[in-house]
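Which chain is which? The protein sequence lines are L and C, in order.
Using full-length UniProt numbering, you'd call the opening residue of the first sequence number 1 and step up by one each time.
Using full-length UniProt numbering, you'd call the opening residue of the second sequence number 1 and step up by one each time.
Be careful, since some hints might not be right.
Unchecked claim - The following label-pair restraints were derived from C-beta to C-beta distances: (1) L:D308 to C:L496: 29 to 37 Å; (2) L:D413 to C:L496: 40 to 48 Å; (3) L:C270 to C:W114: 42 to 50 Å; (4) C:F159 to L:E267: 50 to 58 Å.
To be clear, the hints were calculated from the coordinates, so they are not data collected in a lab.
Using N, Cα and C, we set each Cβ at its ideal position, and we do this for glycine too.
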Amino acid sequence: MLQEEGTYQTELIDLSTVDVILISNYHCMMALPYITEHTGFTGTVYATEPTMQIGRLLMEELVNFIERVPKAQSASLWKNKDVQRLLPSPLKDAVEVSTWRRCYTMQEVNSALSKIQLVGYSQKIELFGAVQVTPLSSGYALGSSNWIIQSHYEKVSYVSGSSLLTTHPQPMDQASLKNSDVLVLTGLTQIPTANPDGMVGEFCSNLALTVRNGGNVLVPCYPSGVIYDLLECLYQYIDSAGLSNIPFYFISPVANSSLEFSQIFAEWLCHNKQSKVYLPEPPFPHAELIQTNKLKHYPSIHGDFSNDFRQPCVVFTGHPSLRFGDVVHFMELWGKSSLNTVIFTEPDFSYLEALAPYQPLAMKCTYCPIDTRLNFIQVSKLLKEVQPLHVVCPEQYTQPPPAQSHRMDLMIDCQPPAMSYRRAEVLALPFKRRYEKIEIMPELADSLVPMEIKPGISLATVSAVLHTKDNKHVLQPPPRPAQPPSSKKRKRVSEDVPDCKVLKPLLSGSIPVEQFVQTLEKHGFSDIKVEDTAKGHIVLLQEAETLIQIEEDSTHIICDNDETLRVRLRDLVLRFLQKF
Amino acid sequence: MDPECARLLPALCAVLADPRQLVADDTCLEKLLDWFKTVMETECSLHLLQDHPCLMELLSHVLKPQDISPRVLSFVLRLVGIFAAQEDCFQYLQQGELLLGLFGETGALSWAAWNMPSVRSGWIQGLCSLAQHPSALHFLADSGAVDTIFALQGDPSLFVASAASQLLVHILALAMQGGASGSSISEAAAWPVCAQKIVNHVEESLHSKATPQVTQALNVLTTTFGRCHSPWTGALWGRLSPPVACLFERDPIPAVHSLMDLLLSVARSPVLNFAACGLWEMLAQTLSRLSPTQAGPLALGTLKLQHCPQELRTQAFGVLLQPLACILKATTQAPGPPGLLEGTAGSSLTVDALLSSKSAFVGLLCQTLAHLEELQMLPQCPCPWPQVPLLEATVTILRLCDGSANPSSSVGGRLCGTLGGCVRVQRAALDFLGTLSQGTSPLELVLEVFSVLLKTLESPESSPTVLKKTFQATLRWLQNSHKIPNCSDLSPDALLFLGELFPILQKRLCSPCWEVRDSALEFLTHLIRHWGGQADFKEALHSSEVPTLACQLLQDPESYVRASAVGAAGQLSSRGLQATPTSPENPQAQQGLLMDFMHILSTDSEGFPRRAVLRVFTEWLRDGHADVIRDTEWFVATVLQAVSRDLDWEVRMQGLELAQVFLIQAMGRSSLHCPYTVGLPEATSPSPHPEFLQTLCRLPLFEFAFCALLDCDRPVAQKACDLLLFLRDKTTSCSGPQEAGDSPNSASVEAVLQRWREGEQGQPLGDLEPEAMLAILRSLDLEGLQGKLAKSSDHMEKSPQSLLQDMLATVGILEENEADCY
């Protein structure tokens, strides 16, 4: 059972119809092989390079941990709802167990990753001509991205897993999020009440306290991410805490790659670390910890590690759920002594549930969740800065957490109020597409003769063929009528292209009534009466029994079957208007 | 004026009058004015002017149109004012038309330089200096200066505007002092013209619709009532209180802060009959009119008043308590807390107004807490003091700040959002909580205080400053938690609290933030100092790792932390609480700490840890610490040797302190042990035993003290001088009537001392006999030295000659440069 994971909800969407997947950061791509390998998915996956590489490490570690303890058979009877009801908690409360799948294999991982198209920050990617997507730095992890999805007239920002704190990744790009019609906000901190700085301090204090008393420290963690910051903190702290002689072990099948990858993704790092590369120095100080033998890394507890191992020490290893991986071994080894401490730093798991199978436990447990993602104060600052027209977010963010219902500060507070959505809810975003951009071919543009109708505004009439393909619209010059036209073709041409020869000029301008009346008088009309109407004027030629109705955008000459008079009057009217 | 200055004066005046010469430094001119002021305290200014025509030339020089720098103009205006302060000189200057030329409408006001604030300020200060006598008053009235001063009240330069208001008050006081006789003071019409003019102007301004003018008038009145305590101020208030009262009718009330200042200034005046003049009613009205954010300072001021009616005090206290009452009301489910806070909580409207702006509410809360803290320590502290509700409110505020409060009301929810994680409020509340420890509180509330303190100490969110304040508050609560009089034992609850506190302290001692480690160590030191002798405390401390961790911090990379660790380890050791359990058979570990300290003293690169070591050593010596009395002579010798080479003067000072403690103790002991003194009456001062003097030479304490006498840092030399004087007084009776010259090697000592004085301190004194030392001691003019050292190090440079010379020298350099150019 341990080898199965909850994956995704399939009823909602047929994944084979999905065209594009945008990955925000390496923590949220762990289910990718399930989508790309078993659903008929044929689309493209976009992600940045560090996201893919570190995502691969995380998956590789997971596969490695699971494959180390192969199971000949897998139980499935318990998934029957009647049986599941009888199981102890938390199994009986697990949802959607029927969708739980066995862990993927390395082959599937590789195949899934091969479908990823790598992108860089601020790179514009055209999707079927319909929209353009752009990844922006989200400041949370190496290569983590927020996405802008925009057409020519609409802009949607998808902000997920972002951080405004100064840690190792490139800072969050806020400026590019401005002028969004809709900002979809998700992936906020799991622990809004814990400030990461305080937690790092707590982590260091507890670590030092344990080691000074001769105990060992176990840190269940992922092989990438917060561990870089923790190692950096410890690098600054160990000398001052008198811990220089304490060995730090980092045990993971991907420990080596993780430490090395972090050093080569210079362009994805914060400014300070980037500038170190030019010195040249390794951007992360863990290089020095490794050089000075303070930090040692091993693929597993077998082999070299067992020879080098000495206590007291600090061990970083996975998996943070305590259900598989080398961490299980250390829990068994150190759990019985109250000198030792296990410090939980990953916010994704409830530490009490993680510890449940190991109880009773003598070792001390400390919970220092370090989650650098946005908290509600930062969200409110971000929204003030970015000022989106609408905010869309999960329902949970629009009310205080159930356990702290009085904490009105632990929710998103914005104007207009955020639109919320629930799991598996389909939401219509609050905007309508009203405009499309159309390109004009150069030769057609050449033929246009704009006329200035107002200072700064020119108009020109266009006769062209509108060509639409892949959501792109192009105006092309109309084909010349073929000489001599065959009857069949002529028919088609006349269908496609309106007859250009009979085009009348367009008129603009307004008719000054007084001058118009004077002109009429000059031309021999008498007994003229002008009436004001709601929309304009009526000029009444009583003698000729004719009515000229002048309105803002139309002029009508109503006369009794006297075409000569009408044409005369029309020409007089046209004198006051511009033609083009 | 001394002759040397008199000689230099003409040259200086010429320089000042010369527009080509730049006086680079304003402070020189200020010093020059100060000097003239001191000169004129003893000399007649008229004679001074007559004796030094150059001065008169300088003064009248300004009247001619030319490019004199604004700073010199300002200087001359102020100088004339100083001269004209004496009436005869005033008349002399007036005859020469100088005064009108400078201060009249055709004077400074018409100059282009009038645009410079410094000139306007000089004009005001000059007038302020000269306005000392009736003639000056006439001059002011005739010259139209008063109108100019009115205008200057609204000057764009705040300094000028404020000085103008002050000058008005000064003139008013001067006019009233001479003009209004006792019987007519109540009649405004009988007031001198000048005073009437000023009062009319103030009254007009009070009626003005423009807030700046109202503010100016209020400021003048505030200063008047603050400074002048003659009966006429009562009449003044009688006349002006109606327009002041009218200001409260306006909406919004103009110049609220100035108005409050005025009311308080009037209320503090010793000459007014408040009941008669309606001040109390006005204060009460104001308190009820103003918003809670505005009324705080006024309420505090009212409560501080000596003779304030009880009713008003109650009202003011209610205003002050309002924010806290709101918090209690919003967070308590019970119908309402008992005590004075009842009824002070405003309507929901007030609460909404309070919470409408986060920063304003936070500011108000901090201000309220600070006011209450201040109030509790004053004799005017309201009685009965609502200790319980205040404590409840403070604890609630702290819980709101750390997010552990769980209010049911919606206002409570908003409070959570407003105060959550607010370090400013947390700090203010912790300060006040510490003060509240002085009152008597019910046990359950004390336990709640302990619990909130623990929570704050434990919380990873607590900032270093918050932790420091929490440690301070904790200490105060521990000190005041015992209920049995004359017993300093910790109460059982406090002991339980300590049991929970020490594990947290352990963690804090390992904090990555040095400020936290430092304040944790300081806190520990205080704890041990207070309760280190108690068995229960010792047991609780020993069952934790705190002592070990504290001693480990002696190696901390941060020098402040090392210094605090030295203090804590020293205390631990004094109380026999050192980290490694020592038994009488194993004194090694204990000796280890002494050696650790010696090591820090001789090798630590920072001054703080070394100073801390000496403080601990001095304390150990004074208290007879076991390791020190084992071989005191070795101890003192080793310390002095290390200290004599120290570059930090405070360490050397501390070394002398330690030497002094040793001397006092050793003399006490030697007098007891000296066989010759046995049986002598106690009144006789005990003479030290010759062996004791030998010891001093051997240590070498003499050498150390002599060396310190020539120390380039004055405090060290002073301390050494005091020490040697003490030693000389104690040894006079000891040795025979030997003269310095008689001693075989005193000549060489003298020679060495001479060389030292010349700057070769490295030369050792060598092995000297006590007699020689005593001889030198007597031969030195220690009293003379003490007198010299008592003067500040710049007393030579402060003399007026030096000032004049300096000013001339700067100009001289300019001249040379000018010559070079051509």
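Evaluated hints:
Against the hinted window of 29 to 37 Å, the Cβ-Cβ separation of D308 (chain L) and L496 (chain C) comes to about 45 Å, which falls outside the hint. The given range of 40 to 48 Å is respected by D413 (chain L) and L496 (chain C), whose C-beta atoms sit roughly 42 Å from each other. Restraint check, C270 (chain L) to W114 (chain C): a C-beta distance of roughly 57 Å breaks the suggested window 42 to 50 Å. In this structure, F159 (chain C) and E267 (chain L) meet the distance hint of 50 to 58 Å, their C-beta atoms being roughly 55 Å apart.
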